[in-house]
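Residue numbers (the numbering used here), protein chains in the order written: chain A, 1 to 247; chain B, 248 to 794; chain C, 795 to 1145.
Derived from the structure by calculation, the hints contain no laboratory data.
In this text the structure is predicted, and so the values were computed from the model without any measurement.
Check the hints yourself; a few may be wrong.
Below are the DSS-like pairs computed for lysine-lysine, each with C-alpha atoms no more than 30 Å apart in a straight line [what the hints assert, rightly or not]:
id: 1; chain 1: C; residue 1: K1099; chain 2: B; residue 2: K677
id: 2; chain 1: C; residue 1: K1086; chain 2: B; residue 2: K407
id: 3; chain 1: C; residue 1: K1099; chain 2: C; residue 2: K927
id: 4; chain 1: C; residue 1: K1069; chain 2: C; residue 2: K927
id: 5; chain 1: B; residue 1: K490; chain 2: A; residue 2: K128
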Amino acid sequence: MSHSPTTTTEHHPALAHQFDSMAQQREASNLGMWVFLVTEIMMFGGLFAAYLIYRLKYYEAFVGGSTSISVSWGFANTLVLISSSLTMAMAVWSAQHGRRKQTVAFIALTMLLGTAFLGVKAKEYYDKYDECHIPGISFNAEGGPGCRTGNIAEELVQREHITPEAALQIARQTQIFFSFYFAMTGLHAFHMLLGMGLMTWLLLRARRGDFGPEYYSPVEYAGLYWHFVDIVWIYLFPLLYLISRHR
Amino acid sequence: MSSATITTPPQLEMPKKHYLNDNYGIRSWLLTKDHKRIAVLYLLTLTFFFFLGGVFAAMIRLQLLTPEGTLFQADTYNKLFTMHGVNMVFFFLVPSIPAVLGNFLVPLMVGAKDLALPKINLASWYIFIVGAAFALAALVSGGVDTGWTFYTPLSSGYLKTHVITMAVGVLIAGFASIFTGLNFIVTVHRMRAPGLTWGRLPLFIWANYATSIIMVLGTPVLAITLILLALERGFHIGIFDPKLGGDPVLFQHMFWFYSHPAVYIMILPGMGVISEIVTCFSRKRVFGYSFVAFSSIAIAVFGFLVWAHHMFVAGISTYSALVFSLMSFAVAIPSAVKVFNWTATMYKGSVSFDTPMLYAIGFIGLFTIGGLTGLFLAALGLDVHVHDTYFVIAHFHYVMVGGMVMAYLGGMHFWWPKLSGRLYPEGWAKLAALITFIGFNLTFFPQFILGYMGMPRRYAAYPPEFQVLNVLSTAGASILAVGFILPLIYFLWSMRYGAIAGPNPWNATGLEWQTSSPPPTHNFDQTPVVTQEPYHYGEEEEVPVVP
Amino acid sequence: MHFKLPLFPDQASTVAGQVDALYLFLVLLTTFFSLLIGLLILFFAIKYKKTPERKAEQIHGSTLLEIIWTVIPLGISMFIFAWGAAIYFHQRRPPTNALELYGVGKQWMWKFEYSGGQREINSLHVPTGRPVKISMISQDVIHSLFIPAFRVKYDVLPNRYTTVWFEATQPGTYHLFCSQYCGTKHSGMIGEVVVMKPDDFETWLGSGKAEGSMAANGEKLFQELGCITCHRPDSGARGPNLQGLYGRPVRLSDNRTVVADDNYIRESILNPNAKIVSGFQPIMPTFQGVVKSEEDMMQLLAYIKSLGEQSGQPLNNRTSPTMIRDTEVPNIQQEKKNKSETPQPQSEKKP
Chain A
1 MSHSPTTTTE HHPALAHQFD SMAQQREASN LGMWVFLVTE IMMFGGLFAA
51 YLIYRLKYYE AFVGGSTSIS VSWGFANTLV LISSSLTMAM AVWSAQHGRR
101 KQTVAFIALT MLLGTAFLGV KAKEYYDKYD ECHIPGISFN AEGGPGCRTG
151 NIAEELVQRE HITPEAALQI ARQTQIFFSF YFAMTGLHAF HMLLGMGLMT
201 WLLLRARRGD FGPEYYSPVE YAGLYWHFVD IVWIYLFPLL YLISRHR
Chain B
248 MSSATITTPP QLEMPKKHYL NDNYGIRSWL LTKDHKRIAV LYLLTLTFFF
298 FLGGVFAAMI RLQLLTPEGT LFQADTYNKL FTMHGVNMVF FFLVPSIPAV
348 LGNFLVPLMV GAKDLALPKI NLASWYIFIV GAAFALAALV SGGVDTGWTF
398 YTPLSSGYLK THVITMAVGV LIAGFASIFT GLNFIVTVHR MRAPGLTWGR
448 LPLFIWANYA TSIIMVLGTP VLAITLILLA LERGFHIGIF DPKLGGDPVL
498 FQHMFWFYSH PAVYIMILPG MGVISEIVTC FSRKRVFGYS FVAFSSIAIA
548 VFGFLVWAHH MFVAGISTYS ALVFSLMSFA VAIPSAVKVF NWTATMYKGS
598 VSFDTPMLYA IGFIGLFTIG GLTGLFLAAL GLDVHVHDTY FVIAHFHYVM
648 VGGMVMAYLG GMHFWWPKLS GRLYPEGWAK LAALITFIGF NLTFFPQFIL
698 GYMGMPRRYA AYPPEFQVLN VLSTAGASIL AVGFILPLIY FLWSMRYGAI
748 AGPNPWNATG LEWQTSSPPP THNFDQTPVV TQEPYHYGEE EEVPVVP
Chain C
795 MHFKLPLFPD QASTVAGQVD ALYLFLVLLT TFFSLLIGLL ILFFAIKYKK
845 TPERKAEQIH GSTLLEIIWT VIPLGISMFI FAWGAAIYFH QRRPPTNALE
895 LYGVGKQWMW KFEYSGGQRE INSLHVPTGR PVKISMISQD VIHSLFIPAF
945 RVKYDVLPNR YTTVWFEATQ PGTYHLFCSQ YCGTKHSGMI GEVVVMKPDD
995 FETWLGSGKA EGSMAANGEK LFQELGCITC HRPDSGARGP NLQGLYGRPV
1045 RLSDNRTVVA DDNYIRESIL NPNAKIVSGF QPIMPTFQGV VKSEEDMMQL
1095 LAYIKSLGEQ SGQPLNNRTS PTMIRDTEVP NIQQEKKNKS ETPQPQSEKK
1145 P
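With the sequences and hints as input, model every part of the structure.
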């Protein structure tokens, strides 16, 4: 076995000590980010699997719960998030082309859209709180005192023309739907928050002029993460908001 | 017995600068990016948790000396076995070899200067500490009594202990495990030295690679399961609680989907260590290298397909049970293949009995017994009788302690010279290995008999006719404890007084032995280029490389 | 200190011998392979001990050997799998002529009830020579019924019936354990199984003071709770006729067919909207909280089970749906309230 001198011909300031070249560093971080996204898929996947099992078991209750959350706000949020993925992609492009001010602007825009998303989510959560649809001790799907609207039992009778007895049972079971609603959108929102933290760090580095054509991988991989969070929402929106809406 | 492989040329001295003395001060350790220092940080943390778990084990065995079980109250005993299990599984066994030996050796074995993502590596240790902090918080605020398996609805609605704190601690520690696995995968793919093809990788690398795949795919499911448990307990939502329309058996499916592959996370790195030790102390390449390598991958893949063999009497359909039983037999085959290959490696070798080899041989014997008793559990009709009895406890302690912990100790002895630059005292080490082997068998063999007799798990008190076997088991445990404490003492002793090891005291192949002991921070003065297959013993005896 | 040292459990059921046979085979197999590996290692270690002259022979491997020691273990494994599966199928299929009991597990005791109304706590009397089937449910967390001498075990779940069956062969008293960790007194949730010869068993059955058979108590509940109002045999009844229902297939409104077993009936009482019988309206209210305990539920089940047998056709009492509107459905709770002066407890609002 022979030895050869350490082959480091590039000395880019961003080259980490363990790598021999920027190419190796890029490939390693790329693989790292993709493997990380696989772990996220497994985590959300577990949650989605549990959701699917209960949706099959309590389908009517899931329909009832789904109709009580606002498609308009959900759709608005979908548009906001897709736009933020676009601005993120633009940020990556700008970094790749060495446009520092543009990079900063697009990252800031992405953050703005992300904040808008979280704001809408907060409003939706508040609405659910108002309607006593938050699972737990105070859950009430039959319209009790102190719950603004949210009498799912009544809605079911009027809209679906089912018997009050059936409606009552279905309404109680919507608590499971809402448990998943909050768990799934909550986990997603938590990932959005982490993404916002990531964007803040990225923004500061972009302002400092860290990125250019030879080195823009942090922007690229943060972008990958952001796109992933967006894709999770693309799944969440129809699964939660659009059950049986064609009727 | 043959003499030791070590020949100590008189001119050996410690390298002037190495990773341990490169920088002084607490900050240089707590903010290190060096994989070797991170491995040492993990070593200290995990040793603490191993002995903590051991203390709980001691208390369990003391309680079980008498059938009436009056040493501790029932509630306290329930906390003891829960804390023993949680500690040992999540805070020792799962991280152990990957985080200590893996972190230290993977870059060295592939000829790299560090892991691919050193900051992620350090983050992994800090995340582990945060998880451990939550677990310790749960411990000092009274402990948790759910059993390490957290079954609902007991854990989600009926217990008053700090379940959420503990669940959060475990799931955070899981992320440490994910980061370690991620790092290994990227390193093995992207950081191999020139000439180091996949077919030339040491089997320790193959084993850790397979382990990393499991860590990365399985641990997130545990995370979400515990998150849902915490939400259910905290907010009284009805995901697993039947009173609210939930299904408690769903919890079991989700929990075991991770926790079964987790046992392969625990054993695969151990198998990697055994491959390294057996080849070196037989002076012979591993018999059937590619079969051993692919067996690791096969175990990782099949390991994901057997989870419901923990649930044969839990309410799953007969046909599901059939499928999972079949797969459980399938997953046993690659492990058997490895055992045969290790044995064949010794055939016509040149075998010596240094301590690492003693642990490796102990592993092969005890893992064989433990693994074969797994067949008892995979057989449906028999599992009905022995499920949730001491038979299961004996089975998994045979593979986890007789297997995994032996491999860990064997690996620690094998690579201690590399890690510390010193030799441990061989006489004491052999004695400790022998004491451990005897103590272990005396502790756990009676439990097979107890289990078939019908003594259930997690019992603080038991019918009087089970007492003799329980007393034997406790006696064994006291001996086993000595076997574990001895290495702690003499490893520490050797840091100051042990003989200088030199770069390659065992005359082993492998890139890690081609640099000084301890290695410099940057691992190699010059990037190695690999031209030979692994375990190329038999060409002229390796001359120790003097840096 | 107790010096008895039994090393093998009693064989007291028909399946115990089968399980033990597989166990012994596996013990022999394990011993054989452990000794084989152990002795080979010892032998190699001694024969090929390292000496200054000894040079190891660098053998790469042998594909033939790899195939052999993959295929043979695989073959043995499949044999064990098939044997274990056969025993398991036998264990999961109670014979049709079994003596049926109900069992409730709760923190931290076992309650058993016989169809004649006899009840036991933490003990179980069974006859030899006759299969016994226990339908069991938990009132709280997951428990597990384990009788080592019979080699039977199954988890006892909340909100769902599971079954276990055995045929005892040897009179005596044997341990009964809870084998799924269930909290503080898990190790105290034990009892005894008393196996008696059939005559003695009949004597025992007749000796205790049973407060009416389970079916008779169930019939009382059926009337008290108002079930009789809708579930009548006449053609104008609002609910399906339960005569001959038990164990028969039922066609549902979504065209599925299910078997009316314990779990179906329990679900129909507590969550009636989950499955609607074809030809009927979803007007049955839930009786969650109204049927107050698992024991009451079991009495109702026993009563429904006792309602005779009819033809084997799927139950579908109606050829055309009855047009019943809400106002016609009696408010059973309200009627009960009006009947008695004292207010009845309202059904709980929890789902």
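The hints, checked one at a time:
{"no.": "1", "hint": "C:K1099 with B:K677", "result": "violated, 69 Å"}
{"no.": "2", "hint": "C:K1086 with B:K407", "result": "holds, 25 Å"}
{"no.": "3", "hint": "C:K1099 with C:K927", "result": "holds, 15 Å"}
{"no.": "4", "hint": "C:K1069 with C:K927", "result": "holds, 27 Å"}
{"no.": "5", "hint": "B:K490 with A:K128", "result": "holds, 23 Å"}
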